[in-house]
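J.: This is what each chain is made of:
Protein chains: 8
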Amino acid sequence: ARQGVPEIVYGPGKTREQIVGIAAALLDRSAGPVLVTRVAPQDAPAVLAQVPEGAYHADGRLLAWRPAPPTGFHVAVATAGTSDGPVAAEAEAVARVLGMTVTSVPDIGVAGLHRLLAEAERLRAADAVIVVAGMEGALASAVGGLVAAPVIAVPTSTGYGAALEGVTALLAMLTSCAAGITVVNIDSGFSAAMAAHRLAQVARKTP
Amino acid sequence: ARQGVPEIVYGPGKTREQIVGIAAALLDRSAGPVLVTRVAPQDAPAVLAQVPEGAYHADGRLLAWRPAPPTGFHVAVATAGTSDGPVAAEAEAVARVLGMTVTSVPDIGVAGLHRLLAEAERLRAADAVIVVAGMEGALASAVGGLVAAPVIAVPTSTGYGAALEGVTALLAMLTSCAAGITVVNIDSGFSAAMAAHRLAQVARKTP
Amino acid sequence: ARQGVPEIVYGPGKTREQIVGIAAALLDRSAGPVLVTRVAPQDAPAVLAQVPEGAYHADGRLLAWRPAPPTGFHVAVATAGTSDGPVAAEAEAVARVLGMTVTSVPDIGVAGLHRLLAEAERLRAADAVIVVAGMEGALASAVGGLVAAPVIAVPTSTGYGAALEGVTALLAMLTSCAAGITVVNIDSGFSAAMAAHRLAQVARKTP
Amino acid sequence: ARQGVPEIVYGPGKTREQIVGIAAALLDRSAGPVLVTRVAPQDAPAVLAQVPEGAYHADGRLLAWRPAPPTGFHVAVATAGTSDGPVAAEAEAVARVLGMTVTSVPDIGVAGLHRLLAEAERLRAADAVIVVAGMEGALASAVGGLVAAPVIAVPTSTGYGAALEGVTALLAMLTSCAAGITVVNIDSGFSAAMAAHRLAQVARKTP
Amino acid sequence: ARQGVPEIVYGPGKTREQIVGIAAALLDRSAGPVLVTRVAPQDAPAVLAQVPEGAYHADGRLLAWRPAPPTGFHVAVATAGTSDGPVAAEAEAVARVLGMTVTSVPDIGVAGLHRLLAEAERLRAADAVIVVAGMEGALASAVGGLVAAPVIAVPTSTGYGAALEGVTALLAMLTSCAAGITVVNIDSGFSAAMAAHRLAQVARKTP
Amino acid sequence: ARQGVPEIVYGPGKTREQIVGIAAALLDRSAGPVLVTRVAPQDAPAVLAQVPEGAYHADGRLLAWRPAPPTGFHVAVATAGTSDGPVAAEAEAVARVLGMTVTSVPDIGVAGLHRLLAEAERLRAADAVIVVAGMEGALASAVGGLVAAPVIAVPTSTGYGAALEGVTALLAMLTSCAAGITVVNIDSGFSAAMAAHRLAQVARKTP
Amino acid sequence: ARQGVPEIVYGPGKTREQIVGIAAALLDRSAGPVLVTRVAPQDAPAVLAQVPEGAYHADGRLLAWRPAPPTGFHVAVATAGTSDGPVAAEAEAVARVLGMTVTSVPDIGVAGLHRLLAEAERLRAADAVIVVAGMEGALASAVGGLVAAPVIAVPTSTGYGAALEGVTALLAMLTSCAAGITVVNIDSGFSAAMAAHRLAQVARKTP
Amino acid sequence: ARQGVPEIVYGPGKTREQIVGIAAALLDRSAGPVLVTRVAPQDAPAVLAQVPEGAYHADGRLLAWRPAPPTGFHVAVATAGTSDGPVAAEAEAVARVLGMTVTSVPDIGVAGLHRLLAEAERLRAADAVIVVAGMEGALASAVGGLVAAPVIAVPTSTGYGAALEGVTALLAMLTSCAAGITVVNIDSGFSAAMAAHRLAQVARKTP
Ligand SMILES: Nc1ncnc2c1ncn2[C@@H]1O[C@H](COP(=O)(O)O)[C@@H](O)[C@H]1O
Ligand SMILES: Nc1ncnc2c1ncn2[C@@H]1O[C@H](COP(=O)(O)O)[C@@H](O)[C@H]1O
Ligand SMILES: Nc1ncnc2c1ncn2[C@@H]1O[C@H](COP(=O)(O)O)[C@@H](O)[C@H]1O
Ligand SMILES: Nc1ncnc2c1ncn2[C@@H]1O[C@H](COP(=O)(O)O)[C@@H](O)[C@H]1O
Ligand SMILES: [Mg+2]
Ligand SMILES: [Mg+2]
Ligand SMILES: [Mg+2]
Ligand SMILES: [Mg+2]
Ligand SMILES: [Mg+2]
Ligand SMILES: [Mg+2]
Ligand SMILES: [Mg+2]
Ligand SMILES: [Mg+2]
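Chains as they are written, first to last, in UniProt numbering: chain A, 20 to 226; chain B, 20 to 226; chain C, 20 to 226; chain D, 20 to 226; chain E, 20 to 226; chain F, 20 to 226; chain G, 20 to 226; chain H, 20 to 226.
The hints are simulated quantities; they were obtained by calculation from the structure and are not laboratory data. C-beta: ideal position from N, C-alpha, C; glycine also. One or more of the hints may lead you astray.
A few chain B residues that face chain A, going by a derived Cβ cut-off under 10 angstroms, partial list only [to be verified]: (1) Ser-160; (2) Ala-161; (3) Leu-165; (4) Gly-180.
Generate the whole structure from the sequences, applying the supplied hints.
T.: Have a look at this one:
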């Protein structure tokens, strides 16, 4: 694998045996972290039993081996509401395994601006902010106006009807009135963490 | 016409002569306000010359006769950015002609939360708030969390690309995390004012 | 919570234990009504057993504590057909818990205009009308022409094929030829009731 | 050409010379009516000068030669609003040239039910009803409930925003709660008249 | 009910008890046919046991009481492929109960033109043709070119991927190059039969 | 450039000077045909004056230098109607410049099956068939059933309303009931000719 | 059946008995290969027991009788990632039964260009390349630039969110910057193999 | 303005006078760079004449005052084809005015992999890469696999038909198989530069 890029396996659609095989092979031929995303809790023990020294991060549904040492890069993960929790958990788990320090800032949707403003300092303290929000996705714009750091927005498929399974939040985040917000795929906490990992590379490189 | 409902003509696609004819007829057969929306400035004088005692409200591109007396109903019209101005102007002009008192609260998009919060009192003072916003339409959610009064959201077709000519703002407003927000058609300042007019009816009726 | 705004919890995706915890906390830290929407009948008793003095409104799938006293605000809830019933029931249950008087006007779709006209007086007697309709959603336009009061249209996901799970009704209601109709999200009886609640605020405020 | 089917040319994109050539050829090789649709007023005289015995129907933008003799088939053409007029005019012109008797029933949108009901008898007197409506297209459902005869619905691209250039009316008409309504393409007054022409065939055939 | 219009109940979402209740009431208050569509085979016997003198048409999933006497109106029902069978069966069952004579012309998709042409005479013998086709829906255009009678096209949701659950066939049928084709909702064999029923009305009326 | 692949320049958005510069450079650094597509007639002479030995193919709006010698590969280009002509002309011009022999088979839409069948032999005589059709795009399916050779379908943006600027024809061609049809982008006669050029490569290679 | 075209049955929605009946009939009335696609492993043995001399190709979920003799036509089947495997397997199984020689080139997505380039020679050795890819479908463009032979792109429904169940890959392949790529329906390995079969016809024909 | 955030004005829809007024005010009340985007060449001189010490960057259509001093942050801007040039030029102009060092890497679309690989080192030398591509947008995935640094993808509206004015490239970039790519709005070179500016903030902050 390319220098500095962890090995990542997408779990869904793979049997326990396939995951065991792929994880073992990757641990063998590379030197950094190996991750399997979206693993159901009932599948994790069987895999861990056969590929030792790994850990299952249940909230984020992540299997991981050889976590990276702490890099000092600090990411805040904000959510608009409780339903956005699982996507945020995936982002947090991946970020931690890749050596980032993570601050959770849950449930600060824009319908309650005072709660959001109360968290402004915690958000500003981070090197980057991941914003996880479904429905109208307005939190990304509000956070983008509060912090000068990179903002990675993750639309979620929470909501119903006109939420269009996350498409509404996705479009809204892409047209945010806060300049310089970037967006990843719907429900992809994983992608947001990987984007933050790329940021951590450049943060180390440019003194 | 039904009691309490003004007569409204949609200007686009009609010649000056057609507008003159329809306006004269409506003034004749009804007793309340008569309005023609979306009239270009160059067409107004010719119509007014032939149908006396009307006025042209240039910002809102509205021709009107027999404006309603003040009702005491107070509506605030907030916009997210300067490009939302013309739609807000249509809402304001129609609202005024229908007897409402209007407060303009321009340019309070959520990327600048302190500016928005500075206007919270002016918004809370109104009987209803019309929120006009394009792009991601997040302002409706933020205002919905700040005021207990009815909020009528108007998505606008400002923005480009993923703004999809107002569809993104429309969908976002419909899935607002602030409960009880209502939405009208894209760019329809007229519809928002008419919805406020319906509110004014019930406000008078229920002591 | 903000003055005059009830506390609302969205049930789906939450365990009974989570609902118990959140409802208890909200009852503790606020003074008004507490509602949990979209609760399955099999889950209600377990929650009510642990959080006393609540009630389950089965038709509307609503759990509620501390209902508001009657406000005198009167809302009519009209449906186009029988399939729209569950969404109307949610609107009605929430409206009643928030202190509104509710009149049900079921099954008055525009394909049977005489049935609809027979109900015109009951619709005109209300302070606001919630119109619940799927498929082509035409009922909102017809009601909008019959009453001068606010009309809140709720598109439903009934129908198949070109009904596009409610999107067709949503778009149709937004482009209604009856001026001043407002619209909420697909299947959201809850949002319509909350919009009516906002109306009730202003109705009380403006003598 | 197939027995009973007139020859139709689609005008847009063709030069006057091409139209002259095609019309002349069709008059030569067939025996029934020859029509050219969507011809601009400025183009008609030049074509008629070179292909004699034709007529230009300005409202419907139709050039026609050898109109069919009256068949006794009677079609009513209803519109929701004034903007639907040009599409209705195309339907009416084509229907007349094909030998039908046409009754115009303009401006009976569902927001004014009493106006619509006042026309019920005229609608019921027809062998078929063509309903032309844009925006939410609700008129098709209401007419479908009033008459037992075939209803051919033509969505129009009038309206803006959520009207989606006629797609909303199209979808609404396809999901009409009035059973047995049929639908043709957006703005295609021509298609509606041709569908009525097919009806006239069967009406003659089955005593 | 309006003269000449049968009573129709949409089965899905209703319990056996509800169907029994509604069917009994309709038989009581009207004089013509009573139909319940989309009834599962396992539900039919229980309903028939309680509401006597009905019949279940298994292929078309239709429950019916008081079928109309034969009207002499003749409809052909063509399908493109075997997967379109169930939708055609619904159309045929409803048409028969409403007194029409039905000819089935299955599996004549345009990829096999000789098979289609071999059926041209049977199609031309009908007073109207219902064309049922999914995927690209091309059969409607081909049939429209072969017969002068009314063609009612029913798009089906067969196919996958770009078939978009019937939307592709729907759009294709609406833009058919054969003039005067009409279209009903996706998978709605019922609507096609009802449209044919309307045709049968006019066929009787115009000598 | 890769062996066997001509150099192609997309004309729109480039000035005459830019086209001159790019064409001259490509003629210099490569040995095969050089083409510039979608060049307006008024721009061609100026370019040809400066880059000698080229030719302008007006129907296909194509500028070309160093046409390939005849390869013996034979392609038929069929259209459904006259409006599809310009897209077919682009395909034909590009195909000829690349050394193919081209047979035009115009105006054989499926609404006139006998005309289509009359051309079956000409279609079967070709090594590959390019089918150009807008609206419902049904011609691709019919041709796919008539010939065993490769069929390359080009949807066109002709038509209006539900034709959705070619998207309907595109979707229809992708879901064709004739197995093994392939599809290129809307209006891209160029892409179809290039796909045929790839076919010609393999036809030469496999004896 | 037409000369050179195998008989194909689409398995889904058919009972084992229906498949037995159709397969037996096709074997009887035709002389070439008979295939049934998308047959579940649990259904295959029962069919094979009753229709002898067939084989089940489990990876491709294909039942086949009378496979064609080898034709010498060589197709490479490339996939972007492991999730695209089942669609590729269908393409490969159908291609082999129709007499093609197949080379599998799995897992060469463009995020790992060196792996892709390492396979360039194997891809260039084929008479045609089938590219199977989901998500952004970029592999088709990269392969199109590497080989001069025909490229048949199959979008797959792998991925989530903005992948829109394969629509994104489909659109991306249709707008590929590599000229002359052709595209078939989402997930249709079958269609790609049939398109290759058409290529094999012409490859034999043109010396 | 918030520390570190430049003042940006969106030019379209504003008169020269409005731009003069806003620019002057911003220069007055803030201390950093002031930018006006998407200014036509013919409007620039009049504005610069009235608001001194600014500059017009013609390629990027950018007016700017008080450019930031060089920060040492290095961004590469890659395009897939020549049509993507104007969007890249906007990104580059904004980036330079905000103090970044910019490397242009034009015309490296994935249909020519060797050209792309030849630029790999220049891309890897940057602190961040902005990838500008229309049509299928595949370049973002390829670059994402080549560099470990942050990748900001800008879909462009180049292309036609299935390119859907940039929506296809947008969706493709969001579902990139290269992990951690981020995306901004269609044609928004400006947003990409602002996202890079946020990166530059964190790069300075984390040693
Ligand atoms: N700006 C506007 N936007 C939407 N609808 C309007 C507007 N102005 C007038 N209308 C509506 O248009 C209808 C009148 O249209 P018309 O008969 O063409 O004048 C009435 O139903 C009005 O409520
Ligand atoms: N206004 C119209 N809308 C839709 N199709 C039309 C129209 N006028 C003519 N056509 C159809 O266009 C075809 C003729 O097209 P063309 O060969 O271009 O003249 C025939 O199939 C006509 O039925
Ligand atoms: N008419 C056309 N439609 C689509 N792509 C084209 C067309 N003409 C040329 N191209 C492609 O455009 C690219 C060249 O674009 P450019 O570098 O802007 O000249 C090449 O990949 C060509 O294959
Ligand atoms: N996997 C498949 N995907 C798409 N079409 C198929 C598939 N398998 C068979 N077909 C087509 O389905 C049709 C046969 O359908 P049926 O009559 O239902 O067996 C033929 O046109 C086949 O070309
Ligand atoms: Mg919350
Ligand atoms: Mg502003
Ligand atoms: Mg009913
Ligand atoms: Mg009117
Ligand atoms: Mg078949
Ligand atoms: Mg023709
Ligand atoms: Mg892989
Ligand atoms: Mg290039």
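J.: State the violated hints by number, sorted upward, taking the hints as numbered earlier in the document.
T.: Every hint satisfied by this model.
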